[in-house]
Amino acid sequence: GENVEQHPSTLSVQEGDSAVIKCTYSDSASNYFPWYKQELGKRPQLIIDIRSNVGEKKDQRIAVTLNKTAKHFSLHITETQPEDSAVYFCAASKGDYKLSFGAGTTVTVRA
Amino acid sequence: NAGVTQTPKFQVLKTGQSMTLQCAQDMNHNSMYWYRQDPGMGLRLIYYSASEGTTDKGEVPNGYNVSRLNKREFSLRLESAAPSQTSVYFCAGEGGDTDTQYFGPGTRLTVL
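Taken in sequence, the protein lines are chains V and E.
Just so we're on the same page, the numbering used here is the position in the first sequence counted from 1, plus 219.
Just so we're on the same page, the numbering used here is the position in the second sequence counted from 1, plus 120.
Chain V extracted, bound-state conformation:
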């Protein structure tokens, strides 16, 4: 099955700086790549997603890039704020109803 690796496992940034999380996937047939944010004790919530026919997608301070050749995709958060502190998960799917998740990145934004 699909294997998704996510790095780093923890990330501490100064408020206002940028944060980057990287994921690699193993199955070249994967074509859908969502990112979820999970605050402590809460459910994972979708923050942005990208499909394989697009190289980059942006939504305010969040952007995702996809490199199909290298089989990796990244989440970029600019101008980080304290409310960005959470665990972020990447995932990949090849349209077979299943998402494979990375292990998560705990992001801490220091004031």
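Source of the hints: derived by calculation from the structure; they are not laboratory data.
Just to be clear, a hint being listed does not mean it is correct.
Which residues of chain E face chain V? A partial, calculated answer using Cβ under 8 Å [said to hold, decoys possible]:
hint : residue
1    : G162
2    : Y168
3    : P181
4    : Y184
Backbone N, C-alpha and C fix where the C-beta goes; we use that ideal spot for every residue, glycine too.
Based on these hints, arrange chain E on the given structure of chain V.
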């Protein structure tokens, strides 16, 4: 819309006991999923139901059974709970008006 709901929120079981986790959605999802979340391991798929009347195994199905009762409801059953099943369980729905998976609030299960 309530979205995806789960009951109970918390549960403590003794080894060998059985229980059923309930999930319901009112978002017209065709597909529904059960995941477990353990520290440092992300979300792992237990079972899923691509459509009403069908169920399939995911990555970690051993020790669990599921029932897709109707389009709205998808339950997860532990027949004989083991300490290794201590985890947070999330139900999710997808399809209908969206191809994004939406998660329920989770059930925190402890097996002693």
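**Message:** Using the nearest Cβ pair, does Y184/E come within less than 8 Å of chain V?
**Reply:** violated (16 Å)
**Request:** Against chain V, run the beta carbon of Y168/E and see if the smallest gap drops under 8 Å.
**Result:** Because about 6 Å separates Y168/E from the closest Cβ in chain V, which is inside the 8 Å limit, the hint holds.
**Message:** Using the nearest Cβ pair, does P181/E come within less than 8 Å of chain V?
**Reply:** Because about 13 Å separates P181/E from the closest Cβ in chain V, which is outside the 8 Å limit, the hint is violated.
**Per-residue hint verdict: G162/E, partner chain V, C-beta under 8 Å** = Holds, about 4 Å.
The earlier numbered hints that this structure contradicts are 3 and 4.
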